[in-house]
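Keeping their order, the protein sequence lines are chains A and B. Heads up: the first sequence runs through residues 1 to 186, numbered per UniProt numbering. Heads up: the second sequence runs through residues 1 to 186, numbered per UniProt numbering.
The set of hints was computed from the structure by calculation and includes no laboratory data. Idealized CB from N, CA, C, for every residue including glycine. A portion of the hints provided could be inaccurate.
As the list claims (entries may be wrong) - Estimated spans, in silico, between C-beta atoms of each pair:
{"no.": "1", "chain 1": "A", "residue 1": "181", "chain 2": "B", "residue 2": "159", "range": "31 to 37 Å"}
{"no.": "2", "chain 1": "B", "residue 1": "81", "chain 2": "A", "residue 2": "23", "range": "40 to 46 Å"}
{"no.": "3", "chain 1": "A", "residue 1": "82", "chain 2": "B", "residue 2": "127", "range": "18 to 24 Å"}
{"no.": "4", "chain 1": "A", "residue 1": "35", "chain 2": "B", "residue 2": "159", "range": "39 to 45 Å"}
Claimed, not checked - Each computed DSS-like pair below joins lysine-lysine, with the alpha-carbon atoms no more than 30 Å apart:
{"no.": "5", "chain 1": "B", "residue 1": "22", "chain 2": "A", "residue 2": "59"}
{"no.": "6", "chain 1": "B", "residue 1": "59", "chain 2": "B", "residue 2": "169"}
{"no.": "7", "chain 1": "A", "residue 1": "22", "chain 2": "B", "residue 2": "169"}
There are 2 protein chains.
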Amino acid sequence: MTDDDGNKVHADASTFSSGVTKEEAYEQVLMQAEGLFFEQRNWVCNLANTASLLWHAYKSMPGASAEVNWAGFYTIDPLSTPQKPQLILAPFQGAVACQTILFGRGVCGTAALKQTTQLVPDVRLFPGHIACDARSLSEIVVPIVVDGRTVAIIDVDCAVVGGFDEVDKRWLERLGGLVGGGCDWP
Amino acid sequence: MTDDDGNKVHADASTFSSGVTKEEAYEQVLMQAEGLFFEQRNWVCNLANTASLLWHAYKSMPGASAEVNWAGFYTIDPLSTPQKPQLILAPFQGAVACQTILFGRGVCGTAALKQTTQLVPDVRLFPGHIACDARSLSEIVVPIVVDGRTVAIIDVDCAVVGGFDEVDKRWLERLGGLVGGGCDWP
């Protein structure tokens with residue numbers, strides 16, 4: 001669909017065929033995201049559409065991935081200080097979520113502080129886990145680092161233990177790179 | 001759930017009993033939103049959680065409301081000019097959506113320009129309708145006006161004709177007032 005300004009976007013970007021592999025669904029997310037970011041660098045807009053792409057991709061995936069119950073982003077809280085940086089909730093799909101998370105706290109805060117992906121098969125075993133939603137049993141958090149600075153994280157929760165693996169890690173890290181380079185960050 | 005910083009939020013805020021009336025579900029949205037906005041005025045964070053509340057509320061409502069297929073926000077595009085203002089996509093739940101909408105264009109742009117709620121029983125009959133998603137057949141758009149300025153809109157789409165009525169209008173306008181006063185706008 002093209003509106004009169006040539007703003008090409010269609011909800012069908014969220015349509016993923018059932019029966020695709022995890023790799024194929026992630027590949028579609030990356031391609032759609034790249035298209036959406038063309039000539040649009042507003043971070044709120046781009047994270048909102050990317051959260052939608054991810055959510056609908058998981059619903060089309062086989063196995064545990066279809067049990068994903070939260071997919072979205074946190075960014076740096078503009079009101080936090082470099083001395084005590086914290087994340088703040090950004091666009092997502094799923095249930096209401098924790099608003100702020102200090103760097104170093106829980107799975108999200110650890111990924112933000114260490115700037116490394118946290119792949120957690122069972123969040124109940126993660127020291128200092130912040131249980132926003134008791135239904136979430138596994139989690140993957142990918143930091144989005146731009147010029148050495150954590151600007152945001154991708155956070156995905158799953159309602160079953162062991163919901164994520166190295167395939168998720170590899171593709172979400174690629175997505176993190178695309179999102180990091182595709183937006184103007186505050 | 002309370003994390004160590006006293007950041008009280010729980011995913012159960014998105015849990016709506018089935019069998020509630022539309023009025024009861026909206027009332028819960030308003031109450032939960034008011035709680036979430038307490039000591040948190042970040043607009044991205046608050047719109048993200050409010051979109052989640054709305055989405056889950058509709059899924060619990062009887063009748064056409066349960067057919068809502070998109071619920072979220074657009075805000076003023078910070079890169080647009082007062083001479084040619086446009087909306088830009090903000091947090092939502094549902095399928096990928098149009099990124100920018102000029103004031104005056106379509107249902108959203110009309111609500112933003114006229115600063116009046118647009119309750120559209122059949123979007124196919126609305127002049128200049130922008131069909132982001134052909135599955136959306138009815139729509140309600142409520143402007144969020146702060147100090148005379150349109151800062152955002154609430155946009156809700158439904159997959160059936162006539163999905164919204166005066167009850168939706170009244171409650172979404174109350175929600176718009178709460179959101180408008182509860183966030184710091186850019």
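Results of checking the hints against the structure:
{"no.": "1", "hint": "A/181 x B/159: 31 to 37 Å", "verdict": "holds, 36 Å"}
{"no.": "2", "hint": "B/81 x A/23: 40 to 46 Å", "verdict": "holds, 43 Å"}
{"no.": "3", "hint": "A/82 x B/127: 18 to 24 Å", "verdict": "violated, 51 Å"}
{"no.": "4", "hint": "A/35 x B/159: 39 to 45 Å", "verdict": "violated, 25 Å"}
{"no.": "5", "hint": "B/22 x A/59", "verdict": "holds, 28 Å"}
{"no.": "6", "hint": "B/59 x B/169", "verdict": "holds, 18 Å"}
{"no.": "7", "hint": "A/22 x B/169", "verdict": "violated, 41 Å"}
Checked against the numbered hints above, the structure breaks hints 3, 4 and 7 and satisfies the rest.
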